[in-house]
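K.L.:
Read off the chains here:
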Amino acid sequence: MKIFFHLGRYWLFMASLFGKPEKFSIYRRRVLEEMESIGVSSLGIVSLISVFMGAVITIQTVYNLVNPLVPLYVVGLVARDTMIIEFSPTIIMLVLAGKVGSSIASEIGTMRVTEQIDALEIMGINSSGYLVFPKMIAAIFIAPFLVLISMFVGIAGGWVAGELSGVIPSTDYIKGIQYQFLPFNVTFAMIKTVVFAYLITSISSYQGFYTDGGALEVGQSSTRAVVYSSVLILIFDYIITQLILI
Amino acid sequence: MIEVKNVSKGFGEKQILKNVSHRFEKGKVNLIIGGSGSGKTVLVKCMVGLFEVDSGRIEYDGRNFSEMNFKERKPIRQEIGMLFQGSALFDSMTVEQNVMFPLTMLSDLSQQEKTDRVNFCLQRVNLPSSHKLFPAEISGGMKKRVAIARAIAMNPKYLFCDEPNSGLDPKTSIVIDELIMEITEEFQMTTIINTHDMNSVITMGDNILFIHKGEKWWSGNEQEILKSGNPEVDEFIFASKIMQHLRK
Ligand SMILES: Nc1ncnc2c1ncn2[C@@H]1O[C@H](COP(=O)(O)OP(=O)(O)O)[C@@H](O)[C@H]1O
Ligand SMILES: [Mg+2]
Numbered sequence: 001m002k003i004f005f006h007l008g009r010y011w012l013f014m015a016s017l018f019g020k021p022e023k024f025s026i027y028r029r030r031v032l033e034e035m036e037s038i039g040v041s042s043l044g045i046v047s048l049i050s051v052f053m054g055a056v057i058t059i060q061t062v063y064n065l066v067n068p069l070v071p072l073y074v075v076g077l078v079a080r081d082t083m084i085i086e087f088s089p090t091i092i093m094l095v096l097a098g099k100v101g102s103s104i105a106s107e108i109g110t111m112r113v114t115e116q117i118d119a120l121e122i123m124g125i126n127s128s129g130y131l132v133f134p135k136m137i138a139a140i141f142i143a144p145f146l147v148l149i150s151m152f153v154g155i156a157g158g159w160v161a162g163e164l165s166g167v168i169p170s171t172d173y174i175k176g177i178q179y180q181f182l183p184f185n186v187t188f189a190m191i192k193t194v195v196f197a198y199l200i201t202s203i204s205s206y207q208g209f210y211t212d213g214g215a216l217e218v219g220q221s222s223t224r225a226v227v228y229s230s231v232l233i234l235i236f237d238y239i240i241t242q243l244i245l246i
Numbered sequence: 247m248i249e250v251k252n253v254s255k256g257f258g259e260k261q262i263l264k265n266v267s268h269r270f271e272k273g274k275v276n277l278i279i280g281g282s283g284s285g286k287t288v289l290v291k292c293m294v295g296l297f298e299v300d301s302g303r304i305e306y307d308g309r310n311f312s313e314m315n316f317k318e319r320k321p322i323r324q325e326i327g328m329l330f331q332g333s334a335l336f337d338s339m340t341v342e343q344n345v346m347f348p349l350t351m352l353s354d355l356s357q358q359e360k361t362d363r364v365n366f367c368l369q370r371v372n373l374p375s376s377h378k379l380f381p382a383e384i385s386g387g388m389k390k391r392v393a394i395a396r397a398i399a400m401n402p403k404y405l406f407c408d409e410p411n412s413g414l415d416p417k418t419s420i421v422i423d424e425l426i427m428e429i430t431e432e433f434q435m436t437t438i439i440n441t442h443d444m445n446s447v448i449t450m451g452d453n454i455l456f457i458h459k460g461e462k463w464w465s466g467n468e469q470e471i472l473k474s475g476n477p478e479v480d481e482f483i484f485a486s487k488i489m490q491h492l493r494k
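Protein chains in written order, with this note's numbering: chain S, 1 to 246; chain W, 247 to 494.
Excised from the complex, chain S in its bound form (with noise of 0.2 Å):
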């Protein structure tokens, strides 16, 4: 039963985001601040994980292709669409829901449990306007970037390892990271990101906004931005590929 109790809590959450806000300037400057806080900072992580990923999918391609009547080239493309289509979106988003959603939990149950919220309330302000609708906007204005950084910095990656570890020659994995590229592919993984981005900070501004108590309170609100987020990325990640891909 608690479910339908959070579901309805979270759509009139959702509704009270979309008031009209105080004053539109102070909105503007929030979400650059968000945008930010929760892309600039990424970049280093997203990268770090993104190189790797890149490189260990090549090797393993490689180390798996025993048939001789495959040619080399198919390394490249396989790294390339796994890279698009699922690791970039799906396990940078499950990262970021480790690092943004815990980030965005613990920042706003703080806020709840020291009464900040309240004075928010107080000044007649729309708390949930003035806080999370900024970070969702950034979120899902900036995850995209990241996400193209990703597939960039992976399937280079990729190439790095081939030549580093002599593997696959340079010409081989750029013939095929060119060959038969479908540039709708890219589309997907950005409408995938899209609605990761949405459900993380909505999740994790939920949980944060609705915590009750005190610091011990906000670290369980935190963990549980955490793993809702991420187990409802991979559902809709299942959802989703099946809606559009098929």
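In short, the hints are calculated from the structure, not lab data.
Computed from a prediction, not measured in an experiment: that's the story for all the values here.
For every residue, glycine included, the Cβ atom is placed at its ideal position computed from N, Cα and C.
Relax, there's no trap hidden among the hints.
Under the rule of at most 20 Å between Cα atoms (straight-line distance), these lysine to any residue pairs were calculated in the SDA-like manner:
id: 1; chain 1: S; residue 1: Lys23; chain 2: W; residue 2: Ile322
id: 2; chain 1: W; residue 1: Lys320; chain 2: S; residue 2: Ala15
id: 3; chain 1: W; residue 1: Lys389; chain 2: W; residue 2: Ser375
Some but not every residue of chain S turned toward chain W, in silico, with C-beta under 8 Å:
id: 4; residue: Glu22
id: 5; residue: Lys23
id: 6; residue: Ile26
id: 7; residue: Thr114
id: 8; residue: Glu115
id: 9; residue: Gln116
id: 10; residue: Asp118
id: 11; residue: Ala119
id: 12; residue: Glu121
id: 13; residue: Ile122
id: 14; residue: Met123
id: 15; residue: Ile125
Following the hints, put chain W with the ligands in place on chain S, whose structure we already have.
P.N.:
Then chain W with the ligands, alone, in the frame of chain S:
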């Protein structure tokens, strides 16, 4: 003047406030006192609209706040300042930004006017030189003063203070009490303080509401409370050794 009329409030099965009625006067410091868990904070939060009442109503100078929706409440909200128990300063903002925040969000003042107002408010609470510090960098007493400055930034008609002395040493408590009394007088606000600090009761108890188990148990001023003859009131007032000593 704020009137509370037959207000009841519960959470689930648990009834917290039971049919409380009281009148809080303008230009005075009005006290709500009572033991921990008696419902003081819940009453204050009902009055400012952080909780909705189950029955009864709250009137701000005759305006029925309880029947209004979010939008209709906005003008009254902007006449309310509140000092929270833990100060509730915004962690991510400096002292100056905290005080300026309501002005930026809610007023149409120019940058210069806002800066002047912030300087005036910080001066008023005797914090002329802490503008650039963050809440984590200042003491509890200073936080309270910044919170007062933020609460009066919009020049409120009504000021609510939830246990303004909690967590402060006795000397700082007196400073904060005096500050609240002075600004109440100066700006002719309706101030409501919820406290269990006996020193505050003795120094500014013009109009005291004693809450016991969610009910209005007794009301009067600081003279009357010492000889109320009400056992629950006496138990509260004379709980400390020092008060027992004074009684003899
Ligand atoms: N949000 C809430 N949900 C459920 N019970 C609450 C809530 N807030 C307060 N209470 C209960 O109301 C009672 C009165 O609390 P409170 O008004 O905070 O007491 P105090 O007089 O110490 O300020 C307590 O028993 C508390 O557990
Ligand atoms: Mg309290």
